[in-house]
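Enquirer: So the sequence lines, in the order shown, correspond to chains H and R.
Take 0 as the starting number for the first sequence in numbering that gives the first Met the number 0 and just add one per residue.
Take 0 as the starting number for the second sequence in numbering that gives the first Met the number 0 and just add one per residue.
I should point out that these hints are in silico values taken from the structure, not numbers from a laboratory.
One thing to keep in mind: the hints can contain errors.
It does not matter which identical chain is used: a pair holds within one copy or between any two.
Stated by the list, open to error - Computed cross-link-like contacts, BS3-like style, restricted to lysine-lysine with a CA-CA straight-line distance of at most 25 Å:
| no. | residue 1 | residue 2 |
| --- | --- | --- |
| 1 | K110 | K375 |
| 2 | K178 | K286 |
| 3 | K133 | K375 |
| 4 | K289 | K110 |
| 5 | K286 | K110 |
| 6 | K178 | K110 |
| 7 | K95 | K286 |
| 8 | K178 | K133 |
| 9 | K330 | K133 |
| 10 | K15 | K275 |
| 11 | K289 | K178 |
| 12 | K289 | K375 |
Protein chains: 2
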Amino acid sequence: MPEFFNVLPPDEALAKLFEHLTSTPQPETIHVADGLDRVTTESIRASVSIPSFPRSTMDGYAVNARDTFGASQTLPTYLSLIGEVPMGAAPNFDLKPTQAALVHTGGMIPKGADAVVMIEVTQRIRENEIEVLKAVAPNENVLQIGDDIGEGGEVVSAGHILRAQDLGGLAALGITQIKVARKPRIALLATGDEVVAPESEISLGQIRDVNSYSVAGQIVRAGGVPVRCGIAPDQFDQLKSKAAQALSDADALVLSAGSSVSARDMTADVIHQLGKPGILVHGVAVKPGKPTILAVANGKPVIGLPGNPVSAMVCAELFVVPTIYRLLGCKTPPTNRSVNLRVTHNIASQAGRVDYVPARIIQRDGEDWVEPIFGKSNQIFTLIFADGMIIIGRDSNGMQSGEVAEVRLF
Amino acid sequence: MPEFFNVLPPDEALAKLFEHLTSTPQPETIHVADGLDRVTTESIRASVSIPSFPRSTMDGYAVNARDTFGASQTLPTYLSLIGEVPMGAAPNFDLKPTQAALVHTGGMIPKGADAVVMIEVTQRIRENEIEVLKAVAPNENVLQIGDDIGEGGEVVSAGHILRAQDLGGLAALGITQIKVARKPRIALLATGDEVVAPESEISLGQIRDVNSYSVAGQIVRAGGVPVRCGIAPDQFDQLKSKAAQALSDADALVLSAGSSVSARDMTADVIHQLGKPGILVHGVAVKPGKPTILAVANGKPVIGLPGNPVSAMVCAELFVVPTIYRLLGCKTPPTNRSVNLRVTHNIASQAGRVDYVPARIIQRDGEDWVEPIFGKSNQIFTLIFADGMIIIGRDSNGMQSGEVAEVRLF
Numbered sequence: 000m001p002e003f004f005n006v007l008p009p010d011e012a013l014a015k016l017f018e019h020l021t022s023t024p025q026p027e028t029i030h031v032a033d034g035l036d037r038v039t040t041e042s043i044r045a046s047v048s049i050p051s052f053p054r055s056t057m058d059g060y061a062v063n064a065r066d067t068f069g070a071s072q073t074l075p076t077y078l079s080l081i082g083e084v085p086m087g088a089a090p091n092f093d094l095k096p097t098q099a100a101l102v103h104t105g106g107m108i109p110k111g112a113d114a115v116v117m118i119e120v121t122q123r124i125r126e127n128e129i130e131v132l133k134a135v136a137p138n139e140n141v142l143q144i145g146d147d148i149g150e151g152g153e154v155v156s157a158g159h160i161l162r163a164q165d166l167g168g169l170a171a172l173g174i175t176q177i178k179v180a181r182k183p184r185i186a187l188l189a190t191g192d193e194v195v196a197p198e199s200e201i202s203l204g205q206i207r208d209v210n211s212y213s214v215a216g217q218i219v220r221a222g223g224v225p226v227r228c229g230i231a232p233d234q235f236d237q238l239k240s241k242a243a244q245a246l247s248d249a250d251a252l253v254l255s256a257g258s259s260v261s262a263r264d265m266t267a268d269v270i271h272q273l274g275k276p277g278i279l280v281h282g283v284a285v286k287p288g289k290p291t292i293l294a295v296a297n298g299k300p301v302i303g304l305p306g307n308p309v310s311a312m313v314c315a316e317l318f319v320v321p322t323i324y325r326l327l328g329c330k331t332p333p334t335n336r337s338v339n340l341r342v343t344h345n346i347a348s349q350a351g352r353v354d355y356v357p358a359r360i361i362q363r364d365g366e367d368w369v370e371p372i373f374g375k376s377n378q379i380f381t382l383i384f385a386d387g388m389i390i391i392g393r394d395s396n397g398m399q400s401g402e403v404a405e406v407r408l409f
Numbered sequence: 000m001p002e003f004f005n006v007l008p009p010d011e012a013l014a015k016l017f018e019h020l021t022s023t024p025q026p027e028t029i030h031v032a033d034g035l036d037r038v039t040t041e042s043i044r045a046s047v048s049i050p051s052f053p054r055s056t057m058d059g060y061a062v063n064a065r066d067t068f069g070a071s072q073t074l075p076t077y078l079s080l081i082g083e084v085p086m087g088a089a090p091n092f093d094l095k096p097t098q099a100a101l102v103h104t105g106g107m108i109p110k111g112a113d114a115v116v117m118i119e120v121t122q123r124i125r126e127n128e129i130e131v132l133k134a135v136a137p138n139e140n141v142l143q144i145g146d147d148i149g150e151g152g153e154v155v156s157a158g159h160i161l162r163a164q165d166l167g168g169l170a171a172l173g174i175t176q177i178k179v180a181r182k183p184r185i186a187l188l189a190t191g192d193e194v195v196a197p198e199s200e201i202s203l204g205q206i207r208d209v210n211s212y213s214v215a216g217q218i219v220r221a222g223g224v225p226v227r228c229g230i231a232p233d234q235f236d237q238l239k240s241k242a243a244q245a246l247s248d249a250d251a252l253v254l255s256a257g258s259s260v261s262a263r264d265m266t267a268d269v270i271h272q273l274g275k276p277g278i279l280v281h282g283v284a285v286k287p288g289k290p291t292i293l294a295v296a297n298g299k300p301v302i303g304l305p306g307n308p309v310s311a312m313v314c315a316e317l318f319v320v321p322t323i324y325r326l327l328g329c330k331t332p333p334t335n336r337s338v339n340l341r342v343t344h345n346i347a348s349q350a351g352r353v354d355y356v357p358a359r360i361i362q363r364d365g366e367d368w369v370e371p372i373f374g375k376s377n378q379i380f381t382l383i384f385a386d387g388m389i390i391i392g393r394d395s396n397g398m399q400s401g402e403v404a405e406v407r408l409f
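Build the full structure now, drawing on both the sequences and the hints.
Expert: Right under this line is the structure:
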């Protein structure tokens, strides 16, 4: 239908918003132990080499490799055992030709040695002498200085989401204080005369606030801090003052608009008056979620989500989540897993818009299929009973039962 | 090689540990706003129906559907407009035949009405009269009581990891206090005379503690609380007393053993003495990670990881992470995403064990390939430079370049 041709596709809408977001992430310093899933604001390089000394990778004897050349079961080499390398300290001796020293996995290779013979291919024949039953090559079973990372090597780049192993690598280097992007505070303001807080008893005609909880979950997952600012009535001055207050205390504002056209129009007017340049996108070619508003008010993003809970979550995923990654300076935001499965039912759609249909994965003859959960966009439970969303692209007029669909998993 | 045939495959090892874990998750009550990623300890059902009143899904007029039958552009039906349904309250009128009332999206359907005519197919012809240009069927554009969820319907089952939409659904029902599994406290004790805290300057022969940070990250990701208990020297009594203390304050203990055989043997002796039944599994058919120990001490799991950082992370993923989900009572633990890609190099392996090889994804002629990062299991940076791990199954003797491998992404 023509209605979707005069609004922007979601990727173009997001690009338009991002054009006006020029702020850089604000760094804060944290301990590496608290670093999981935080986003670095600068490249971190190794200040030292690891290992910082040559280390044995085996339990065995440190030797000069050349002393073992030709050694075999039938013709062993004999070396004099001059000591044991203590764990956690440098040996207090150097190795001379035809000498060997006991060394444990992770122990330091003494000066003069260049390889380790595994204990399994040796025999202790007396107090201070060993038989070597197999030759080793130079460097065998030895980790050299810098073999793990060399001094100056980049550990992680700026804009990287820290993983468990990154924390370990930083600890290995003695880097315990790291700079990461401060978590953006995302103000959440619900609107609508019919909306009451979840704690409230409801009267006929009222519903409880869903979006301040579901969208908050999406914000947390993306690395933001949701700041619930309550519920504003469908009254221009009150909504405007609440919205301005919410935005001034946060890095971004997400409004979920009232569901009626007049309430939505009022929300749009309020958003446009919050600051310059105001509304950049009004309406996106997405179902559900067409009435989404993207705006920037004095450098801060303001996103007006549709009030219906399903639309709100779809559009939060499309616009709020990427905006948080943008505020964090994250270079490669993670994406949800997708699978391609046959659909169990025909699904109607219209060219010109992207459709998101809640769906569950079912088994049919031992194969995974995806079953659409048809419902209205105000039925939050369609998402609760779903495993993901079928995505029907802009060029499609719908899907036939048995066709393969892309399913974005939750 | 025979060495891997006298140790258990990872799944059997884990099953043996789980046989001895009989405790049930301890519930705590939290606010729904804090519920993301927490695991429910009981089934939660709807105490009311949603919606709790018939609601309009459109902006339009509430009508008796039968009054509109036959209405068309050329032959409109005329209805008398008796009022407007306020948002957030019940209308103070009932509808009689041939009457209509203005209703907004989300507004309550007045008694006597059974459908909503979209505003777009109507015309207001005078103050109190409208023209209806298209018929509606009974129930059209109306969400009935319980259409989202009916009273008594299950919202989430016990052992469910709460997602963003679940929080919204609970809020919709007015369920703000929920019972979730208390996060298990996982004590982490590093051992080894050569290991020092990351804050310390290191001398020759020393290395900084990696595992207490990398494995801690894995614990957080799985929903546990890591409790770092420091570093114990390779000294039996000190290690035993530190381990016993750590376990008594936690729900589980994870030790990362010293890297030498003698240090590992000592760790095994300590673990076995912590409580009954003691060690259940000593050695698993995994590379890296063969020396892993699984034990239960008086009902609490104790896991001895190999000291090398790569082995420690591989085995934490195989044993610590599933144990945390078990302690949480999580019914379907999430799994990491896998992809199947061609390998760029031959990879040696041995039948009888599962191999995990750090690997990065690269582009070759516009296609994704996976490139193994060869290194020793004490090179934590092999994991930092990796995108995931190639998994080579028990029955395989290795992979040829160009063969398709399973890659478990981080």
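Enquirer: Look at each hint and say if it fits the structure.
Expert: These are the hints, each one checked on the structure:
In this homomeric assembly, K110 and K375 come within 25 Å of each other (Cα to Cα) only across copies, at 22 Å, whereas the closest approach inside a single copy is 75 Å. Taking the closest pair of Cα atoms, K178 and K286 never come within 25 Å of each other, the shortest separation being 40 Å inside a single copy and 35 Å across copies. Taking the shortest alpha-carbon separations for K133 and K375, only the inter-copy value of 21 Å comes in at or below 25 Å, while the best intra-copy value is 75 Å. For the homomeric pair K289 and K110, neither the shortest alpha-carbon distance inside one copy (72 Å) nor that between copies (31 Å) is at most 25 Å.
In the homo-oligomer, the alpha carbons of K286 and K110 never lie at most 25 Å apart, since the shortest distance is 70 Å inside one protomer and 31 Å across protomers. For a Cα distance limit of 25 Å, the shortest separation of K178 from K110 qualifies neither inside one copy, at 39 Å, nor across copies, at 61 Å. Neither within a single protomer nor between protomers do K95 and K286 lie at most 25 Å apart by alpha-carbon distance, with minima of 78 Å and 36 Å respectively. Taking the shortest alpha-carbon separations for K178 and K133, neither the intra-copy value of 50 Å nor the inter-copy value of 63 Å comes in at or below 25 Å.
Proximity of K330 and K133 under a CA criterion of 25 Å is satisfied in neither setting, with 51 Å inside one chain copy and 52 Å between copies. In the homo-oligomer, the alpha carbons of K15 and K275 lie at most 25 Å apart inside one protomer (14 Å), although the nearest pairing across protomers, at 63 Å, exceeds that limit. Proximity of K289 to K178 under the C-alpha cut-off of 25 Å is found in neither arrangement, the shortest distances being 39 Å within a copy and 37 Å between copies. In this assembly of identical chains, K289 and K375 lie within 25 Å of each other by CA distance solely inside one copy; the values are 14 Å within and 53 Å between copies.
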